[in-house]
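Visitor: Here's the letter readout for the chains.
Protein chains: 2
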Amino acid sequence: MMKALRLESVGRVHTVEVPPPSATADGKEVLLTVTHCALCRTDAKMWRHGHRDLELPRIPGHEVCGILEGEPGHYAVWPGVACGVCPYCSSHMENLCPSMKIIGFHRDGGLAEQMLVPRECLLPLPPRLKPHLAVLAEPLACCLNAVQQAKTRKGDRVLIFGAGPVGLMMSLAVRALSAQPTMVETSSTRWQKIKSFCERTGLKVEPQTPMEAFDVAINAATSLDTFTHGIHGIKPGGCFCLFSGLDAKGLVPSSLLNEIHYRQLNITGAYGCTRKNMREALEIMASHPGPLEELVEGFVGLEGVKEMFPAILRGEVMKIIVPLSS
Amino acid sequence: MMKALRLESVGRVHTVEVPPPSATADGKEVLLTVTHCALCRTDAKMWRHGHRDLELPRIPGHEVCGILEGEPGHYAVWPGVACGVCPYCSSHMENLCPSMKIIGFHRDGGLAEQMLVPRECLLPLPPRLKPHLAVLAEPLACCLNAVQQAKTRKGDRVLIFGAGPVGLMMSLAVRALSAQPTMVETSSTRWQKIKSFCERTGLKVEPQTPMEAFDVAINAATSLDTFTHGIHGIKPGGCFCLFSGLDAKGLVPSSLLNEIHYRQLNITGAYGCTRKNMREALEIMASHPGPLEELVEGFVGLEGVKEMFPAILRGEVMKIIVPLSS
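Going down the list, the protein sequences come from chains S and C.
Sequential numbering from 0 applies to the first sequence in numbering that gives the first Met the number 0.
Sequential numbering from 0 applies to the second sequence in numbering that gives the first Met the number 0.
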């Protein structure tokens, strides 16, 4: 038997003892012993509100690192199962594959001692990268996808709404393209939390949207204001990337959309990441592991996960990591 | 003295006799004798509602063809005056120049017997292109800008909302990129008007948005539905181009914008055109003049323009051309 966290229905999650899954005879799906799984805001959102891609009941967890019995080294997990043959899969956009099954959404994820995972989802960790930090490869890969979708170029000034763990990782992704990030963060509590990270990395945070016009803007926060301020905050021909889904029930006036028309703006979405993004993320993390450690707020056992969800939804904590099999 | 149509204030337009403008001594601004000027929906919109870029009082008209005294041949007019040195002007995006002055909006246009125009705005007509058709170069150039902003590729299936004169020209622009246009037109009156054009060109028109997913969608109509149906009508990773400004006072739910996030859609704006687009449009028109003649509903004198505006706003007429000096 193995311990796992299972979301039974919206609002109802608990730890269970269940039989571990079995590897497939053809070797395509292997049994990963999970060493660490990080909690994502989306996990908390699933618990509170559900999610478009969630199929219940489900073991969540899509920011995963683990080992294979009898093999050396750790692996990070690209949390997708794509068909491999459609036009999206054939052109390195496998995150858009129409038959995509997301690990932790459509199939069981990493908040368990063991998980079944397609062999081709496993990416070996580069030397020097600690396994507990490797769980950050998936969110960083999603940030890399966002800055790439936004066609960020060297030297571009990039506005990022939100300076939580995702906003900070987005800043690192922007820097990886030799562009210049500026974060906007309105919460003074969060300012305190990220002070040392920003000092150490030299990243800029502003308490409100600056007056100058940016080349690119990206939201790492769910408020509808991020869309409105983003549209107004970019230059003619600039790009706003909808990285975070917006709070439901908001309404946008057509006059705001007409700004897209008059100033030839680009709005682009970003959802998930590709294997290539994961590999890029692992390389960046191995080269600059220093500040990543500061993104980690703390560790919690499977039993403590549910209690963390409200604070995660309120944006009060940085990354929380669940250590599993050691 | 010369005859001109002057928009004095929103809702108030009349013909006037005014002194013609004078060419500048340095030869940069020349006096064009206008032979033809077509009416655009935007001219009618300016009269009814005003426009973001309109400065009053104003002689409207931005789809212009004319001659220079003492020189052979006709010229089409790129209706913009850009600074020529900013980053936009330096990278063939002069339509986004921050100091852009649009002819017929910020400065006097072609609904007059003569107009002052920068020499560098004049584009000689290719042989074989009739001057009264050359007025269509500007709207076709705007369509070419739209399909290019939408990154339309060879073979792409492109959905176009609206089969008025602009929708039809958009279809020709899509075909110029070897992509496949499908128009959606809900008005049965318009179906009658475009029947012969569509038969002659083999263009497809549907009475409602087809169920299949398109690579690109473009609105050539102002209804907010074009945005909603456009978002739903494109594939993951596809592009919707806001070519037409949307009716004011509409509201879009954030759940619709979240489709951009979840399916990594691209929304792009298109506004005006570049000199390069104008040159491309003139070449296309010279190669395929046949169907263009069918876009012309009729001719009207300056005194008849005001009476046409309501029908243009209701989308009841194809292109109306004002012949001026002959």
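Be aware that a few hints might be false.
For chains that are exact copies, the list does not tell them apart, and a pair is met inside one copy or across any two.
[Unchecked claim] Lysine-lysine pairs mimicking DSS-like chemistry, simulated, CA-CA at most 25 Å apart:
| no. | residue 1 | residue 2 |
| --- | --- | --- |
| 1 | Lys100 | Lys234 |
| 2 | Lys275 | Lys234 |
| 3 | Lys305 | Lys275 |
| 4 | Lys305 | Lys203 |
Source of the hints: derived by calculation from the structure; they are not laboratory data.
Visitor: Against the earlier hints, flag every one the structure doesn't satisfy and list their numbers going up.
Guide: 3, 4
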